[in-house]
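Protein chains: 2
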Amino acid sequence: MEWISKSNVLIVGLGLMGGSYAKGLKRLGFRVTALARRRETVDYALEHGIIDAGSDSIDPKLIGEADAVVFALYPGVFKEWIRDNQKYLKPGARLTDVTGVKRCIVYDIQAMLRPDVEFIAAHPMAGREVYGVENSDERIFFNANYIVTPTDKNTPEAIEWCKDLGRILGFRKVSVLSPEEHDEMIGFLSQLTHCIAVSLMTCSDNRHLVDYTGDSFRDLTRIARINDAMWSELFLLNRDDLLKQMDLFISEFGEMRRLLAEGDAEGLREKMRLSTERRAYFNK
Amino acid sequence: MEWISKSNVLIVGLGLMGGSYAKGLKRLGFRVTALARRRETVDYALEHGIIDAGSDSIDPKLIGEADAVVFALYPGVFKEWIRDNQKYLKPGARLTDVTGVKRCIVYDIQAMLRPDVEFIAAHPMAGREVYGVENSDERIFFNANYIVTPTDKNTPEAIEWCKDLGRILGFRKVSVLSPEEHDEMIGFLSQLTHCIAVSLMTCSDNRHLVDYTGDSFRDLTRIARINDAMWSELFLLNRDDLLKQMDLFISEFGEMRRLLAEGDAEGLREKMRLSTERRAYFNK
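Protein chains in written order, with this note's numbering: chain A, 1 to 284; chain B, 1001 to 1284.
Some clues are possibly wrong.
[What the hints assert, rightly or not] Not the full set, but computed from the structure, chain B residues with beta-carbon under 10 angstroms of chain A:
#1 1189
#2 1197
#3 1198
#4 1220
#5 1225
#6 1259
#7 1261
[As the list claims (entries may be wrong)] So, partial list: chain A residues that the calculated Cβ filter (under 10 angstroms) puts toward chain B:
#8 161
#9 182
#10 186
#11 195
#12 206
#13 220
#14 226
#15 231
#16 236
#17 242
#18 251
#19 253
[To be verified] Here are the simulated EDC-like cross-link-like pairs (lysine to aspartate or glutamate), alpha carbons at most 16 angstroms apart as the crow flies:
#20 B:1244 <-> B:1181
#21 B:1244 <-> A:262
#22 A:244 <-> B:1205
#23 A:153 <-> A:108
#24 B:1244 <-> A:205
#25 A:173 <-> B:1205
#26 B:1173 <-> A:211
#27 A:244 <-> B:1262
Simulated from the structure, these hints should not be mistaken for laboratory data. All residues carry an ideal CB built from backbone N, CA and C; glycine is no exception.
Chain A with its partners taken away, still in its complex shape:
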């Protein structure tokens, strides 16, 4: 692990996820620097020993020192950043990210990038319902999945490096998917579930039911507390996949409604047995 003590990692965007990366990387012994939008964020991170150096403006020196850069930005901002600031990157630098959608990001970034640096995309599937560096916590990675989404443009070395990054940060499982596979998977497992949770909260004014609420409803709506700026952007960037998943769900839910309306007990039971059988796999 010689490379650790020699490496400077720059985090661009110091929110919940960027802050958690910073804490995890500091624990491992890296020199960690950061760029953030707000001065208070940088000050907080410096005061709490989360980073070694940081700036609230584009600092060519910090950028130029970094052997690796982790982008923890909203998708749109990420592309702008590369366009405007890639000139400051150190030759040979490795770039990765934490973005929750991939097709719309990975190819564009790789196409515009200087040939002497490499972008290898990743999605750490971890999070909390709170925001900001103040709430960052590297332990959110320990029971989570980490997906690397390489393209033809990536070298085997960079792919392996990116997988190692996930491993040393403590992720439970590190996998490789194409950007397309990733976006389909995330459309179903994450975006569709968030759409459902939001709809369940907004479909009627249910606040008077708070006294009767049991675990089922709480479980299904925990993720209904949602960062509207980030999630609306992620939904729209993955629109076609998400619409496809929503349509599958609408069709199946409509089928349940039909069975119920027709009083088809055996049809309902069949759905429930299939559901029970499938769900058992997810408890392994």
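Using the hints, position chain B against chain A.
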């Protein structure tokens, strides 16, 4: 609490819920007896000190001794039991239940019941994803809600007795609702959520996604492992209320789909903000 040591409570139906009642009532000092369908259930409960006496057939003596009877049966079986066996009940006995739907049960039972016994309905909103007396556990009540659903036929004394029963079993909150209010509430909070969870599991063969599954998907589908016999019966008995709730959800989910398809970021964000605001109430 003089009445505890003097009281015989009969549990009819010794599954997860009946067994949990038995354990809780034994802990409190009641004499607890039970009727179960299978001999092995009775033997297990006797061997483990869960009940003081029990039978796998209709035992007029056990029934006639009981000051209170708790019915932990499926709804259809419950009505049959009353029709066939109410003649054995002790005059002045108090009956209660654990049934998850109320309108279709409470009025029918009260209409057919002898005038010298009283049925006061209740719904302990507790459960587990496992079944049978072997998995019963009175601690499932400790963080749960307990709803009493009286009608005009109930006396203030029986209502108070039934609320006390919930309190001494350790429920977190004891409330009173009409059978109609109860069924509307349960249609939304419990039955709709189970329909959603089942549909999410059955809408596509998603087993290959198990490696990428995060907390959101697991949370939304935990209740997709479902007792198909019981839940299909509960759904059908509350069909009109559940259909109404499903339609509200379908309409709202369709609205989310429309906003996404039209690329209406601000519309999506508005839904997410409302959802976030409402969900905050449920964390109190």
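Now for the hints, and whether the structure bears them out:
1. 1189: Since chain A brings a Cβ to about 5 angstroms from residue 1189 of chain B, closer than 10 angstroms, the hint holds.
2. 1197: holds (7 angstroms)
3. 1198: Check passed: Cβ of residue 1198 of chain B comes within 4 angstroms of chain A, closer than 10 angstroms.
4. 1220: Cβ of residue 1220 of chain B sits 5 angstroms from chain A, so the hint holds.
5. 1225: Given a least distance of 5 angstroms, the restraint on residue 1225 of chain B holds.
6. 1259: holds (9 angstroms)
7. 1261: Cβ of residue 1261 of chain B sits 6 angstroms from chain A, so the hint holds.
8. 161: violated (21 angstroms)
9. 182: holds (9 angstroms)
10. 186: For residue 186 of chain A, the interface hint holds, since the closest Cβ of chain B sits about 8 angstroms away, which is under 10 angstroms.
11. 195: holds (5 angstroms)
12. 206: Hint holds; residue 206 of chain A Cβ to chain B Cβ min 7 angstroms, cut 10 angstroms.
13. 220: holds (5 angstroms)
14. 226: Because about 5 angstroms separates residue 226 of chain A from the closest Cβ in chain B, which is inside the 10 angstroms limit, the hint holds.
15. 231: Cβ of residue 231 of chain A sits 6 angstroms from chain B, so the hint holds.
16. 236: holds (6 angstroms)
17. 242: holds (6 angstroms)
18. 251: holds (7 angstroms)
19. 253: Hint on residue 253 of chain A: holds, closest Cβ of chain B at ~4 angstroms, below 10 angstroms.
20. B:1244 <-> B:1181: holds (14 angstroms)
21. B:1244 <-> A:262: The hint holds at about 14 angstroms.
22. A:244 <-> B:1205: Roughly 14 angstroms between the alpha carbons, so the hint for residue 244 of chain A and residue 1205 of chain B holds.
23. A:153 <-> A:108: Satisfied, since the Cα-Cα distance of roughly 12 angstroms is no more than 16 angstroms.
24. B:1244 <-> A:205: holds (14 angstroms)
25. A:173 <-> B:1205: Violated, at about 22 angstroms.
26. B:1173 <-> A:211: The hint holds at about 8 angstroms.
27. A:244 <-> B:1262: holds (14 angstroms)
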